[in-house]
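Asks: Residue strings, one per chain:
There are 2 protein chains.
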Amino acid sequence: MKTLPTQPETLVNTELQNPHVSVDCVIFGFEEGDLKVLLIERNIDDSDFQSKRYSLPGNLINDNEDLDTSAKRILRELTSLENLYLQQFYAFGDPNRVKSSADAQWLNAVRDVPTARVITVAYYSLVKLDDYQPSAASFARKAFWCSIHQIPDLAFDHNQILDSALRSLKNKLRVEPIGFELLPKKFTLGQLQRVYETILGTTLDKRNFRRKILNKDFLKPLQEKQKGVPHKRARLFEFDQERYESLKSGQFSFEF
Amino acid sequence: MKTLPTQPETLVNTELQNPHVSVDCVIFGFEEGDLKVLLIERNIDDSDFQSKRYSLPGNLINDNEDLDTSAKRILRELTSLENLYLQQFYAFGDPNRVKSSADAQWLNAVRDVPTARVITVAYYSLVKLDDYQPSAASFARKAFWCSIHQIPDLAFDHNQILDSALRSLKNKLRVEPIGFELLPKKFTLGQLQRVYETILGTTLDKRNFRRKILNKDFLKPLQEKQKGVPHKRARLFEFDQERYESLKSGQFSFEF
Numbered sequence: 000m001k002t003l004p005t006q007p008e009t010l011v012n013t014e015l016q017n018p019h020v021s022v023d024c025v026i027f028g029f030e031e032g033d034l035k036v037l038l039i040e041r042n043i044d045d046s047d048f049q050s051k052r053y054s055l056p057g058n059l060i061n062d063n064e065d066l067d068t069s070a071k072r073i074l075r076e077l078t079s080l081e082n083l084y085l086q087q088f089y090a091f092g093d094p095n096r097v098k099s100s101a102d103a104q105w106l107n108a109v110r111d112v113p114t115a116r117v118i119t120v121a122y123y124s125l126v127k128l129d130d131y132q133p134s135a136a137s138f139a140r141k142a143f144w145c146s147i148h149q150i151p152d153l154a155f156d157h158n159q160i161l162d163s164a165l166r167s168l169k170n171k172l173r174v175e176p177i178g179f180e181l182l183p184k185k186f187t188l189g190q191l192q193r194v195y196e197t198i199l200g201t202t203l204d205k206r207n208f209r210r211k212i213l214n215k216d217f218l219k220p221l222q223e224k225q226k227g228v229p230h231k232r233a234r235l236f237e238f239d240q241e242r243y244e245s246l247k248s249g250q251f252s253f254e255f
Numbered sequence: 000m001k002t003l004p005t006q007p008e009t010l011v012n013t014e015l016q017n018p019h020v021s022v023d024c025v026i027f028g029f030e031e032g033d034l035k036v037l038l039i040e041r042n043i044d045d046s047d048f049q050s051k052r053y054s055l056p057g058n059l060i061n062d063n064e065d066l067d068t069s070a071k072r073i074l075r076e077l078t079s080l081e082n083l084y085l086q087q088f089y090a091f092g093d094p095n096r097v098k099s100s101a102d103a104q105w106l107n108a109v110r111d112v113p114t115a116r117v118i119t120v121a122y123y124s125l126v127k128l129d130d131y132q133p134s135a136a137s138f139a140r141k142a143f144w145c146s147i148h149q150i151p152d153l154a155f156d157h158n159q160i161l162d163s164a165l166r167s168l169k170n171k172l173r174v175e176p177i178g179f180e181l182l183p184k185k186f187t188l189g190q191l192q193r194v195y196e197t198i199l200g201t202t203l204d205k206r207n208f209r210r211k212i213l214n215k216d217f218l219k220p221l222q223e224k225q226k227g228v229p230h231k232r233a234r235l236f237e238f239d240q241e242r243y244e245s246l247k248s249g250q251f252s253f254e255f
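Chains A and B supply the protein sequences, listed in that same order. Letter by letter, the first sequence follows residues 0 to 255 in numbering that gives the first Met the number 0. Letter by letter, the second sequence follows residues 0 to 255 in numbering that gives the first Met the number 0.
By construction, these hints were calculated from the structure, which means they are not laboratory data. It is possible that part of the hints are untrue.
Same chains, same label: a pair holds when it works inside one copy or across any pair of copies.
To be verified - Computed cross-link-like contacts, DMTMM-like style, restricted to lysine to aspartate or glutamate with a CA-CA straight-line distance of at most 20 angstroms: (1) Lys-98 - Glu-64; (2) Lys-224 - Glu-175; (3) Lys-211 - Glu-237; (4) Lys-169 - Glu-76; (5) Lys-211 - Glu-175; (6) Lys-71 - Asp-93; (7) Lys-98 - Asp-62; (8) Lys-98 - Asp-65.
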């Protein structure tokens, strides 16, 4: 079996690695009108590796780390991203998930026990893309935002992990007000609707959306209106976190 | 270190076990007015093991199995329960989660690599208690339903896993109509309210509950009323699964 001409150089602390469990991070980056995901291009020179060059940022956990700490460290080591909230969402454990031949070549080059079965615990996060500039390191040659409509063939079962993360994100958006972190403090209902449309990947009826969101009773209408727009200026709103918390915890909230 | 006088006898196929990853099952059993959880008493004769005799049903996965298959097999091997829907909800990976001294004694007796770190993937399920009669086998001496208000000190981090499962269950109850499987096909709103009260561990305002649940628009009122009760007979309802699915998938449902 062919090996890489040179080993990727910055695989720090491999002696600490637990060869049986990894973490993978699905970082969604929102920008108006598009939802992207953070991918890495792996440090592969050999032309045999043209397929599966891309993956989610992920690696083996260290034996002395809990899973959350591993996820934060690995994301930082590969992409320089830090200070974001990573939510564990699923463990993937197909016995053959790292055993395709293209993946085996990569693993032979970078791991001590390339044939071991690896269970991966997957995390996701949703951030405002502009707030995070990835910068590749370790065995990542590039770290970049890729539109979820243009995802290439990824290593291992990473396409499946990404699909699963996207489903989790959509479900969460339906039951918790996560979209607000992606907007400026004061926003229009139109802006809010576009957040929902972008993440859900669908078009929403304007009147229906407004009625439902205002019924929730945790949007605070302001006296101010939008500035500097050519069209009719829309009213601005703020998200009322306190009101939301009290609605959620106070009375029995039968939300489905 | 002391070892057990006799090895538990029916630890089948230990040569297939992956010593690094386990699954644990939190099976909630509902009966009117009480929520219980399925525990096992482990096969321990030595009086030194009086603490931590109890645990959730769980064990190491086999190397050729995916996680869902492992969970089903292990639950069946220890408690004879099968044909229930197990939902994965979280992976627990504290590096020291199996390393307390009481746990170490047990592991020394039953495992080849007792000191290995073990990550566990936890599953839960909610069933009608009357439909499932557990029967202990393998290293379980007993398998029994225990009220969630009387949970003893459990092995490893199983108390924490149980708490986490209960939170997941409550969250799910708030966003999906899972309570209906626990009731007869035709039920009164009072019965339904008691399902919610039992699982959420709280008392709900009757009028408020009725208004909210009827607003959801997937309860079908029947012409029939309750039979054989001494008090005023209440109207019976059916859950309208079809209506629920169409409400959920059809239009944008902004549920939080």
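Asks: Against this structure, judge whether each hint is valid.
Replies: Here's how the hints hold up against the structure:
{"no.": "1", "hint": "Lys-98 - Glu-64", "verdict": "between (25 angstroms within a copy, 14 angstroms between copies)"}
{"no.": "2", "hint": "Lys-224 - Glu-175", "verdict": "neither (26 angstroms within a copy, 38 angstroms between copies)"}
{"no.": "3", "hint": "Lys-211 - Glu-237", "verdict": "within (16 angstroms within a copy, 27 angstroms between copies)"}
{"no.": "4", "hint": "Lys-169 - Glu-76", "verdict": "neither (28 angstroms within a copy, 36 angstroms between copies)"}
{"no.": "5", "hint": "Lys-211 - Glu-175", "verdict": "both (14 angstroms within a copy, 19 angstroms between copies)"}
{"no.": "6", "hint": "Lys-71 - Asp-93", "verdict": "between (24 angstroms within a copy, 15 angstroms between copies)"}
{"no.": "7", "hint": "Lys-98 - Asp-62", "verdict": "between (23 angstroms within a copy, 14 angstroms between copies)"}
{"no.": "8", "hint": "Lys-98 - Asp-65", "verdict": "between (26 angstroms within a copy, 14 angstroms between copies)"}
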